[in-house]
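Student: Protein chains in written order, with our numbering: chain X, 1 to 304; chain G, 1 to 215.
I should point out that these hints are in silico values taken from the structure, not numbers from a laboratory.
Just to be clear, a hint being listed does not mean it is correct.
As the list claims (entries may be wrong) - Here are some, though not all, of the chain X residues that point toward chain G, as calculated from beta-carbon distances under 10 Å:
hint: 1; residue: G170
hint: 2; residue: G171
hint: 3; residue: A181
hint: 4; residue: P285
hint: 5; residue: V290
hint: 6; residue: I296
hint: 7; residue: L303
hint: 8; residue: R304
To be verified - Computed far set for chain X versus chain G, every beta-carbon distance over 12 Å:
hint: 9; residue: V5
hint: 10; residue: Q37
hint: 11; residue: A54
hint: 12; residue: L91
hint: 13; residue: V98
hint: 14; residue: A101
hint: 15; residue: E123
hint: 16; residue: A177
hint: 17; residue: V271
hint: 18; residue: M276
hint: 19; residue: L294
What the hints assert, rightly or not - Mimicking SDA-like on lysine to any residue, the simulated pairs with C-alpha atoms at most 25 Å apart in a straight line are:
hint: 20; chain 1: G; residue 1: K124; chain 2: X; residue 2: P245
hint: 21; chain 1: G; residue 1: K124; chain 2: G; residue 2: S143
hint: 22; chain 1: X; residue 1: K48; chain 2: X; residue 2: V5
hint: 23; chain 1: G; residue 1: K124; chain 2: X; residue 2: G171
hint: 24; chain 1: X; residue 1: K52; chain 2: X; residue 2: E210
hint: 25; chain 1: X; residue 1: K48; chain 2: X; residue 2: P88
hint: 26; chain 1: X; residue 1: K48; chain 2: X; residue 2: V69
hint: 27; chain 1: G; residue 1: K124; chain 2: X; residue 2: R153
hint: 28; chain 1: G; residue 1: K124; chain 2: X; residue 2: S154
hint: 29; chain 1: X; residue 1: K28; chain 2: X; residue 2: L14
hint: 30; chain 1: G; residue 1: K124; chain 2: X; residue 2: A173
hint: 31; chain 1: G; residue 1: K124; chain 2: X; residue 2: L303
hint: 32; chain 1: G; residue 1: K54; chain 2: G; residue 2: D183
hint: 33; chain 1: G; residue 1: K124; chain 2: X; residue 2: R304
hint: 34; chain 1: G; residue 1: K124; chain 2: X; residue 2: A166
hint: 35; chain 1: X; residue 1: K28; chain 2: X; residue 2: V267
hint: 36; chain 1: X; residue 1: K28; chain 2: X; residue 2: R153
hint: 37; chain 1: X; residue 1: K28; chain 2: X; residue 2: Q225
hint: 38; chain 1: G; residue 1: K124; chain 2: X; residue 2: A181
hint: 39; chain 1: G; residue 1: K124; chain 2: X; residue 2: A177
hint: 40; chain 1: G; residue 1: K124; chain 2: X; residue 2: A180
Just so you know, even glycine gets a beta-carbon here, dropped at the ideal spot from N, CA and C.
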Amino acid sequence: MTTIVSILHVILALAMSPLLIGVINRVKAGFAGRQGQPLFQPYFDLAKLLRKGAVYSRTTTWIFRAAPVVGLAGAMVAVVLVPLGGLPGLLAFPGDLVVLAYVLGTTRFMTVLAALDTGSAFEGMGASREVQFSLLAEPVLLLSLAALGVCTRSLALSDIYAGLFAGGAGGVAATAAMVAAALLLVLLAENARIPVDDPNTHLELTMIHEVMVLDHGGVDLACIQYGAGVKLWVFSALLVGAAAPCRTGVAFADLALGVGGVFAVAVVVGVVESCMARLRLVRVPQMLVVGGVLAIAALLWALR
Amino acid sequence: MDVLSDMLVMLLVLTNLRLLSSSRIGACIHTVAIQGVLLGAIALAVSPATLSIKLVALTLATVAVKAVLLPWLLRRAVRGAGVSREVEPIVGFTASTIVGALLLGLCFLISRPLQASAPAGIGKTLIPGAMFTTLSGLFLIVSRRKALTQVLGYLTMENGVYVFGASLAVREPLLVELGILLDVFVGVFVMGIVIYQINREFDHIDTDRLSVLKD
Chain X
1 MTTIVSILHV ILALAMSPLL IGVINRVKAG FAGRQGQPLF QPYFDLAKLL
51 RKGAVYSRTT TWIFRAAPVV GLAGAMVAVV LVPLGGLPGL LAFPGDLVVL
101 AYVLGTTRFM TVLAALDTGS AFEGMGASRE VQFSLLAEPV LLLSLAALGV
151 CTRSLALSDI YAGLFAGGAG GVAATAAMVA AALLLVLLAE NARIPVDDPN
201 THLELTMIHE VMVLDHGGVD LACIQYGAGV KLWVFSALLV GAAAPCRTGV
251 AFADLALGVG GVFAVAVVVG VVESCMARLR LVRVPQMLVV GGVLAIAALL
301 WALR
Chain G
1 MDVLSDMLVM LLVLTNLRLL SSSRIGACIH TVAIQGVLLG AIALAVSPAT
51 LSIKLVALTL ATVAVKAVLL PWLLRRAVRG AGVSREVEPI VGFTASTIVG
101 ALLLGLCFLI SRPLQASAPA GIGKTLIPGA MFTTLSGLFL IVSRRKALTQ
151 VLGYLTMENG VYVFGASLAV REPLLVELGI LLDVFVGVFV MGIVIYQINR
201 EFDHIDTDRL SVLKD
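With the hints as constraints, model all of the structure from the sequences given.
Tutor: Encoded structure:
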């Protein structure tokens, strides 16, 4: 029964993750007083990109062609590992939180390599920034998950999230709240959302993630954009599990609640993007350090 | 009650981290005011089940002084001095935040023995939280240059001491509590006037530049 629901979660995640981007765009449009693009525009974009061919520079090697596929594969592995709310992930074993962090790390590594492979100084600059910020974001993710792990005395993500609020929400409320705040900061940084990076700019010297994928086109770009959506789903699921103590015990109800929570996270991201300006580049590390300190405080709270 | 005080102490710790990481003096004053409200809430949350009128009145007086009166005085001093930002502190803001995390760890570590002798039912985070508030106030005093931020550090330190008293359920006589409150009030009052005078005399409120005395 639980396995069926877990499989259903993976299918839903793969089917609906572009919709998350659509929801974010609609929220932003609403705040700006525009009607905005259709909710399903990301799907149309993907369909358009899939019909196109790609042009490869002679400078590039096989790494450039492999990176989008590895990126998408990594995001898919992550979605198999990640639990949604109290629902276990499809694959669960002790230590899978480290696997999750480093599967995501591998996809980033490949994107960075591909960016360097193009031989463009502009993309190299983006790669340098991406690595600098992920260096700070990764410990925050691991420390947050470690704090939750200490709370539940387990190392498997699914056990952690299933057991987190099992003994009543009271004892872990402070830890979970701080972890949720830290995870929100990681989500914004890792998915290149606004306080860190602006997903809409394409010609600015200040952007981070978008600059690395400038040379990709056609199917490769579709892989990258779809992978970005799936990655956003993974982080949202992690955040929902820590932020919302709703566990009904009925698997299908939990699934519905979890999916609703993921879309609520998308709305929150849209609101944050509408209300905040992008931080100056030198301020981004400070924001991530604050996230790290929150995670450390949560860990200390759990260890008390 | 335990969950409530746990959440309140968490908020207290977060206000301290905000004080350590923010460069805007206005925001810092606001944070100290929030801290004043939290103090009152914590004192009521950890007190024994029976709320006496004296306790409630004292808490209300504390909140009124720490969350309304002192921030108002400090805002006036900010307007008078025309300084809105702490520029170039001795320890940078990112470094201060990291130091804050280390201090928090230290507080959890050294409060273990104290925890054993603490009265039962105050939760395991209250004593480290109080210590952290005191230490981060102290750190603010030594790591910032502007006299105003140092006054904020002094206030934070005093807040920590207050939570410590509340957590150990040490109830001083009414007169002593009022005396402490008056002390802090007069202290900040005098500091506000001194800041104004320093600013008028030297056109800045950087305390490290005051150490070079001229006649």
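Student: If a hint holds in the structure, say so; if it doesn't, say that too.
Tutor: Against the structure, the hints come out as follows:
1. At a threshold of 10 Å, the smallest CB-CB gap from G170 of chain X to chain G is about 4 Å, leaving the interface hint in force.
2. The beta carbon of G171 of chain X comes within 7 Å of a beta carbon in chain G, closer than 10 Å, and the hint placing it at the interface holds.
3. Hint status for A181 of chain X: holds, given a least beta-carbon distance of 9 Å to chain G, under 10 Å.
4. The criterion of a C-beta within 10 Å of any C-beta in chain G is met by P285 of chain X, whose closest approach is roughly 7 Å, and the hint holds.
5. For the restraint placing V290 of chain X at the interface with chain G, the shortest Cβ-Cβ distance is roughly 6 Å, inside the 10 Å limit, so the hint holds.
6. Hint status for I296 of chain X relative to chain G: holds, with the closest Cβ pair at about 5 Å, below 10 Å.
7. Evaluation of the L303 of chain X hint against chain G yields a held restraint, the C-beta minimum of about 7 Å falling below 10 Å.
8. Checking R304 of chain X against chain G: minimum C-beta separation of about 5 Å stays under 10 Å; hint holds.
9. Even its closest Cβ contact with chain G, about 31 Å, leaves V5 of chain X beyond 12 Å, as expected for a residue assigned away from the interface.
10. Under the 12 Å C-beta cut-off, the non-interface status given to Q37 of chain X relative to chain G holds; the minimum distance is some 37 Å.
11. The Cβ of A54 of chain X sits about 41 Å from the closest Cβ of chain G, beyond the 12 Å cut-off, so the non-interface label holds.
12. Separation of L91 of chain X from chain G is adequate, the least Cβ-Cβ distance of about 33 Å exceeding the 12 Å criterion.
13. The beta carbon of V98 of chain X sits about 22 Å from the closest Cβ of chain G, which is more than 12 Å, so the claim that it is off the interface holds.
14. A cut-off of 12 Å between C-beta atoms confirms that A101 of chain X is not in contact with chain G; the least separation is 20 Å.
15. At roughly 28 Å, the least C-beta separation between E123 of chain X and chain G is larger than 12 Å, which holds for a residue marked as non-interface.
16. The Cβ of A177 of chain X does not lie farther than 12 Å from every Cβ of chain G; its closest approach is about 7 Å, which violates its non-interface assignment.
17. In this structure V271 of chain X is separated from chain G by more than 12 Å, as the shortest Cβ-Cβ distance comes to about 21 Å.
18. Residue placement check: M276 of chain X keeps its beta carbon more than 12 Å from all beta carbons of chain G (closest about 16 Å).
19. With 12 Å as the threshold on Cβ separation, the claim that L294 of chain X sits away from chain G is violated: the shortest Cβ distance comes to roughly 8 Å.
20. Simply put, K124 of chain G and P245 of chain X have alpha-carbon atoms about 23 Å apart, close enough for the 25 Å limit, and the pair holds.
21. A C-alpha spacing of about 29 Å is found between K124 of chain G and S143 of chain G, which places the hinted pair above 25 Å, so the restraint is violated.
22. At roughly 32 Å between alpha-carbon atoms, K48 of chain X and V5 of chain X are farther apart than 25 Å, so this suggested pair is violated.
23. For the given pair, K124 of chain G sits about 11 Å from G171 of chain X by alpha-carbon distance, which is consistent with the 25 Å threshold.
24. Distance hint between K52 of chain X and E210 of chain X is fulfilled; the C-alpha atoms sit about 20 Å from each other, no more than 25 Å.
25. For the proposed pair K48 of chain X and P88 of chain X, the alpha carbon gap of about 35 Å is over 25 Å, so the pair is violated.
26. Proposed proximity of K48 of chain X and V69 of chain X is supported: the alpha carbons are some 18 Å apart, at most 25 Å.
27. For the given pair, K124 of chain G sits about 19 Å from R153 of chain X by alpha-carbon distance, which is consistent with the 25 Å threshold.
28. The straight-line distance between the Cα atoms of K124 of chain G and S154 of chain X is roughly 22 Å, inside the 25 Å bound, and the hint therefore holds.
29. Restraint check for K28 of chain X and L14 of chain X: satisfied, since their Cα atoms lie roughly 23 Å apart, inside the 25 Å limit.
30. Only pairs whose Cα atoms come within 25 Å are accepted, and K124 of chain G paired with A173 of chain X is accepted, the gap being roughly 14 Å.
31. Our distance criterion of 25 Å between C-alpha atoms is met by K124 of chain G and L303 of chain X, whose separation comes to about 10 Å.
32. Distance hint between K54 of chain G and D183 of chain G is fulfilled; the C-alpha atoms sit about 20 Å from each other, no more than 25 Å.
33. Distance check on the hinted pair: K124 of chain G and R304 of chain X sit about 7 Å apart at the alpha-carbon level, within 25 Å; holds.
34. A hinted pair counts as satisfied when its Cα atoms are at most 25 Å apart, and K124 of chain G with A166 of chain X qualifies at roughly 21 Å.
35. With a CA separation close to 9 Å, the supplied pair K28 of chain X and V267 of chain X stays within the 25 Å bound.
36. For the proposed pair K28 of chain X and R153 of chain X, the alpha carbon gap of about 40 Å is over 25 Å, so the pair is violated.
37. Distance restraint check for K28 of chain X and Q225 of chain X: the Cα-Cα separation of roughly 19 Å lies within the 25 Å cut-off, and the hinted pair is therefore satisfied.
38. At roughly 22 Å between alpha-carbon atoms, K124 of chain G and A181 of chain X fall within 25 Å of each other, so this suggested pair holds.
39. The hinted pair formed by K124 of chain G and A177 of chain X meets the criterion: a straight-line CA distance of about 17 Å does not exceed 25 Å.
40. Taking the CA atoms of K124 of chain G and A180 of chain X, the gap is near 22 Å; set against the 25 Å cutoff, the hint holds.
Against the hints set out earlier in the document, violations occur for numbers 16, 19, 21, 22, 25, 36.
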